[in-house]
Structure formats: C-alpha cells, structure tokens
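All chains, full assembly: derive it from the sequences and hints.
There are 2 protein chains.
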Amino acid sequence: LENTYIGLDIGGTKILGALFNEEGQILKKEKTSTRASKGAERIIQKISKVVDALLDSENQEETQVLNAIGLGVPGIIKEGVIQFSPNLPWSNFPLKEYLEKTYNVPVFMGNDANVSLYGEWTYGAAKWSKDVVGFFVGTGIGGALILDGKLYSGNIGAGGEIGHMIIDPLGPYCGCGARGCLEAFASKTAILKEVKNQIFRGRETYLTKFLEEDEYILKSSHLKEALEKKDQLTEEIVFSASQNLGIASASMINIFNPELIVFGGGLIEALGENMLPVIEEFAAKYSIKQNFDSCKFQLSSLADKACLYGALGMIKNRISL
Amino acid sequence: LENTYIGLDIGGTKILGALFNEEGQILKKEKTSTRASKGAERIIQKISKVVDALLDSENQEETQVLNAIGLGVPGIIKEGVIQFSPNLPWSNFPLKEYLEKTYNVPVFMGNDANVSLYGEWTYGAAKWSKDVVGFFVGTGIGGALILDGKLYSGNIGAGGEIGHMIIDPLGPYCGCGARGCLEAFASKTAILKEVKNQIFRGRETYLTKFLEEDEYILKSSHLKEALEKKDQLTEEIVFSASQNLGIASASMINIFNPELIVFGGGLIEALGENMLPVIEEFAAKYSIKQNFDSCKFQLSSLADKACLYGALGMIKNRISL
Chain A
1 LENTYIGLDI GGTKILGALF NEEGQILKKE KTSTRASKGA ERIIQKISKV
51 VDALLDSENQ EETQVLNAIG LGVPGIIKEG VIQFSPNLPW SNFPLKEYLE
101 KTYNVPVFMG NDANVSLYGE WTYGAAKWSK DVVGFFVGTG IGGALILDGK
151 LYSGNIGAGG EIGHMIIDPL GPYCGCGARG CLEAFASKTA ILKEVKNQIF
201 RGRETYLTKF LEEDEYILKS SHLKEALEKK DQLTEEIVFS ASQNLGIASA
251 SMINIFNPEL IVFGGGLIEA LGENMLPVIE EFAAKYSIKQ NFDSCKFQLS
301 SLADKACLYG ALGMIKNRIS L
Chain B
1 LENTYIGLDI GGTKILGALF NEEGQILKKE KTSTRASKGA ERIIQKISKV
51 VDALLDSENQ EETQVLNAIG LGVPGIIKEG VIQFSPNLPW SNFPLKEYLE
101 KTYNVPVFMG NDANVSLYGE WTYGAAKWSK DVVGFFVGTG IGGALILDGK
151 LYSGNIGAGG EIGHMIIDPL GPYCGCGARG CLEAFASKTA ILKEVKNQIF
201 RGRETYLTKF LEEDEYILKS SHLKEALEKK DQLTEEIVFS ASQNLGIASA
251 SMINIFNPEL IVFGGGLIEA LGENMLPVIE EFAAKYSIKQ NFDSCKFQLS
301 SLADKACLYG ALGMIKNRIS L
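As given, the protein sequences belong to chains A and B, one line each in that order. If you're matching positions, the first sequence starts at 1 in this note's numbering and goes up one per residue. If you're matching positions, the second sequence starts at 1 in this note's numbering and goes up one per residue.
Hints were generated in silico from the structure; no laboratory data involved. Bear in mind the structure is a predicted one, so any value in this text is a computation, not a measurement. Hints may be right or wrong, so weigh each one.
If chains are identical, the list can't say which one is meant, so a pair holds when it fits in one copy or spans any two.
[To be verified] For lysine-lysine, the following DSS-like pairs were computed, each having C-alpha atoms within a straight-line distance of at most 25 Å:
1) K196 - K38
2) K150 - K193
3) K150 - K28
4) K285 - K78
5) K78 - K296
6) K130 - K14
7) K150 - K78
8) K78 - K46
9) K130 - K150
10) K38 - K150
11) K49 - K127
12) K196 - K219
13) K38 - K316
14) K78 - K289
15) K285 - K229
16) K29 - K193
Quick look at the structure:
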C-alpha cells in the first residue's frame, strides 16, 4: 500500500485541491469556484466535491490509500474551528472535525496565508530563511510571519493579519469592519471596486468588456491582458496597489527587520513582474535604510501551489498552523 | 566587597543614570540634559559626567565595587556600535568599547526601547507575558516586541521600530527620512511642531507661555499642566496623538495578536491616564474584534525607570539587546 495526501486551498474565489504521493509529487489536481455568496453549506459541498473527485479518480491506484488531509482556509482558525473569516460566510465552523468524520483521516488545518508561507518555507522561495514576511494578494490580502525560524501565530493564533494593517486611517472601509487596511487598497476586491468607480466616472478602459458579464469576478488574467494592451486605467490602478504594498512592506521592514519578503497570491502570480519593482521602490522610500538594505524581495516560487505544498508540509510535520 | 551596577538611559532630551546594589535597589540617581544638538563628543562627555557622579558619590561605600554597566540608547545597535540614531548625531559610534575601556567593566547595551520593554518584562508591567508590544513615546517613539517569550530583534538587530510604521503615506516628514511614520504624528517632537503651527495660525493656547523660553524643549509636564487648565488646543493635540497611537496599536494587534501592549516613555508617564482610554477606543475601532478582545492595554509600571531596570536586567542575564 502507498500513502497519498490531499492538500486543499480554500480561497474566497476558488477551491484548489491536489493529491500528493509519498514523494510529494502531485498525482492529480482539482479546482472549482467557491461561490462564497451562496453560503457556508454550499462551500462545504464544494470542498467535498473536490476531495471526492481527487479520490474517485480513474487514475487512482488500488494500492493507494489516503493518509491525511491538509488545508488552508482564509480567516482566524483555532483548534480546527474557523472563528472568523473576512471573505467567507462562516464563523465558529468546526471544519476540521467535519472533514475528519467524513473521510476518516487526520486533518491538519491552518490560515491560508500561514499555510502558503509554510509551503514557500518548506518547498519554495523562503527555504532556510530565519525571518520572513509573506504577503498573499488575492480576493483579500493574507499575511504570514516566520520569526526566528518559526511560524508566528500570536496569542490566540490570530497573528500575521498584515493585510489588515492600517495604511491610511481615513481610507476606504474594509471587509474586516475597519477602514484604511492594506486589503482595502491593494486586494483584487479593492481593485475591482476602483475599476467600477472609474468606469462610473466615465473613464474608458479595456476592462469594460469583461465587466459586461453577469456576476462579474475580476480575474487577475483580465488585468494582465489589459496591461499588455497598455490600458491606462489598469496601469494606474496596478501602480497604486503596488505603491501601497511597498508602503506596507516598509512598515514590515521597520517593525521586523526581516531578511526576506515573499509576495504570492493570484494577483502577484499574474502581475508580479510588473508590481515588484514598484513595491521595492516604495519600500525603499518609506523604510529605514539599514533595514531595507538587509531585506530581499522575492516572488512566490510555488505560485498557486504554495498553499497546497504548505498543506503537504503540515501533514508531513504533523502540525496545524 | 559588594557588587554595584550602573544603568543608563540615553534619551534624545536627557540622560538618566542609576547605581544599583546586588538586590536591585537604587542607591543613587543622576540626570542631565543631552543637548543632542551640540554633537556626539558632547553627549559622550555628558554620559561620563553621569557615570562619574554615580561613582564619586560621597555616599559610595568603600566596600562597593562596580561590576558592570548596562545602557539603553535610541537607534539601531549592532555589537555595541550605534549604527543609526534618528534623534542623536552619531552613527557607527563604538560606544560599548569606549565605555568598557574607560571604566574597565563589561558593558551591556541595547536599543532603548528594547531595554525598556525588557525592564517591564523582568521587573514591571509585562512580567510573565508571552507576546508583548511596547510603545515608548518621548522625543521619538521607540518600540519593542517580545514574541514567544523572547525579545525579538530581527535579522540585523533592527526590528521593533514600530514608531516608524507608516500610518499615512502622505503624512508629515519624519526624522528617519520617510514620511507619515507614527513618530511624525504622536511623538513629543510632532506635538511641539503642531503646537507651533497652530500658534503661527493665530490660535490661543496656554502653552504659549512656555514657548517664550530660549531653545525651547516641550516638556510633558507643560502639556499636563495645560490639560489641567482645560486648554483646548492641548486637548485636541493630545487626543490626536492618542488616536494615532490607537490606530498603530490596531495594526500591531492585527499583525501580532499580542496578549499585552505596554505604553511608556515621558509623554505617557505624564499623560497616560488621559491618553489610554482614547488609545483603546481607536485600537478597538481599527482592529479585528477577536484580536482586540484577547489583548490587554497597560501603562508602564516602572515609568522613567523602565530603561534603567532593563539595563540591570541585561547585566543580571549577561545579554545585550
């Protein structure tokens, strides 16, 4: 018999799943949309659909047996219970227990950003680094910290929410209830809002054609396409998001003096090469020189598989994050 | 023979010194102004003056012998060398070596905010806490972090500069070279600048009478007196500083999920009771509820002796911070 492992990445927009073998190779991948607006019940069904598809695969060998599930979930998690999730409609939901009962294997669960940074740290761009800050920019902005070679999670496991650092106290309202959070400036949600505002104000943009679809979700690939077309509004908005990420990086550089900042998440995957130089420029401008000089900036090397590999890392090391 | 220890607190405005006995009692205190504007040479003379006064005391017993010196200095320190100090005119100055040669005892040195929080943690308000953030508000704003029960200092020892987190990217310029840092909003220096601006704009304030002195340094006691007189400008400015400290606290609460935030430094010593309720109100408004609810807020219990006791703590534990 050969052990297999399932890694899951539960995002605000989509759910990704991978079946790994003992050596950490991906045998099969699955993907579905989250449709968060349809409620918690529906999300659970979607998660089950992904797991079932990974297990029911025609490619699945008779000799393979599921050993464990690892997953990253946006929000604050304590002992397998999702306590609060700014972008998903569940609170106090015992997801770990539910999955353990349903699939009869141990489940290792963590905040998606923590799990993604753990993935980069065990298999990717942050390998061997002692002090690392991770920004994961997608529907929201997740964050994670590795300090003194250990994932830092704080007093009740709710640390690392660097997407909710305040970068302008009079800034836009945020999904978390506060205002002026980094997430309210530089997430895909924030970008979409600004695109809509600007279209409403009469600006012309290449993005309009995508906005004509029903129940529109801004895809990072749309922004990438618009940038390639030299769409001016998109250039401005992506520049502004990068600027804000750079300013937030400066604060992290002053506060933590990390040796590395890793940028990941859907937006960065698509636009990272455009965004990173601007992020670095503004980080330099707003941070103490000595701290800046001792910090490297890197794009995630695992891209959309960071959380999946982090899930595998949790399983292998028998920890939840 | 009985061992004695000297603790020093080198501030932007004043230098404090204490002679401790083996039991940690203060035998003698000294104090002088820093006069930072007169250059590095002059500050060294001032430090020596304080140490000499502590040692040459008529009260000094014949049987007492100096065992070690501990000191806190504003700025980034590495291996006893002051690399950068936003409010003092020295860089790359080997202060530890100088003091060791001069007094022929081991010297333990650290960033003043780190040393102050270490004082609170070993002898004061933060005793036994696992995850603590310390704000020290005076001429500048120092910060320090105890994470997982250990003082966190980052990759090159320059972590904890939470006074230089950006709270408004278009805010006023800061001594560190960036703009919109917390320090540029809520330090005594920032408050003095705002008082002068407002007087220039024609506002009447009780503080005017203090400003008529030569080479004016705003004393926290002046602000306290003005608050007692219900001076409206002072009320507004202190409220605004508290608001900004609250917003910065919110970011720290979201990023670290600490169990305790300690507020110290000259401004807090004088006005802490007025400021703390406003700090807490704005921290609550701008942070994730679960994180806020798990965090306590406390005023420094060692007041202006936090750094001196931290120096003693360093000596006793044979560490530099």
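Evaluated hints:
| no. | hint | result |
| --- | --- | --- |
| 1 | K196 - K38 | within (23 Å within a copy, 56 Å between copies) |
| 2 | K150 - K193 | neither (36 Å within a copy, 42 Å between copies) |
| 3 | K150 - K28 | neither (30 Å within a copy, 43 Å between copies) |
| 4 | K285 - K78 | between (37 Å within a copy, 23 Å between copies) |
| 5 | K78 - K296 | between (32 Å within a copy, 20 Å between copies) |
| 6 | K130 - K14 | neither (31 Å within a copy, 37 Å between copies) |
| 7 | K150 - K78 | both (18 Å within a copy, 23 Å between copies) |
| 8 | K78 - K46 | within (22 Å within a copy, 53 Å between copies) |
| 9 | K130 - K150 | both (8 Å within a copy, 15 Å between copies) |
| 10 | K38 - K150 | neither (37 Å within a copy, 44 Å between copies) |
| 11 | K49 - K127 | neither (33 Å within a copy, 50 Å between copies) |
| 12 | K196 - K219 | within (14 Å within a copy, 50 Å between copies) |
| 13 | K38 - K316 | neither (34 Å within a copy, 60 Å between copies) |
| 14 | K78 - K289 | between (38 Å within a copy, 15 Å between copies) |
| 15 | K285 - K229 | neither (29 Å within a copy, 42 Å between copies) |
| 16 | K29 - K193 | neither (31 Å within a copy, 59 Å between copies) |
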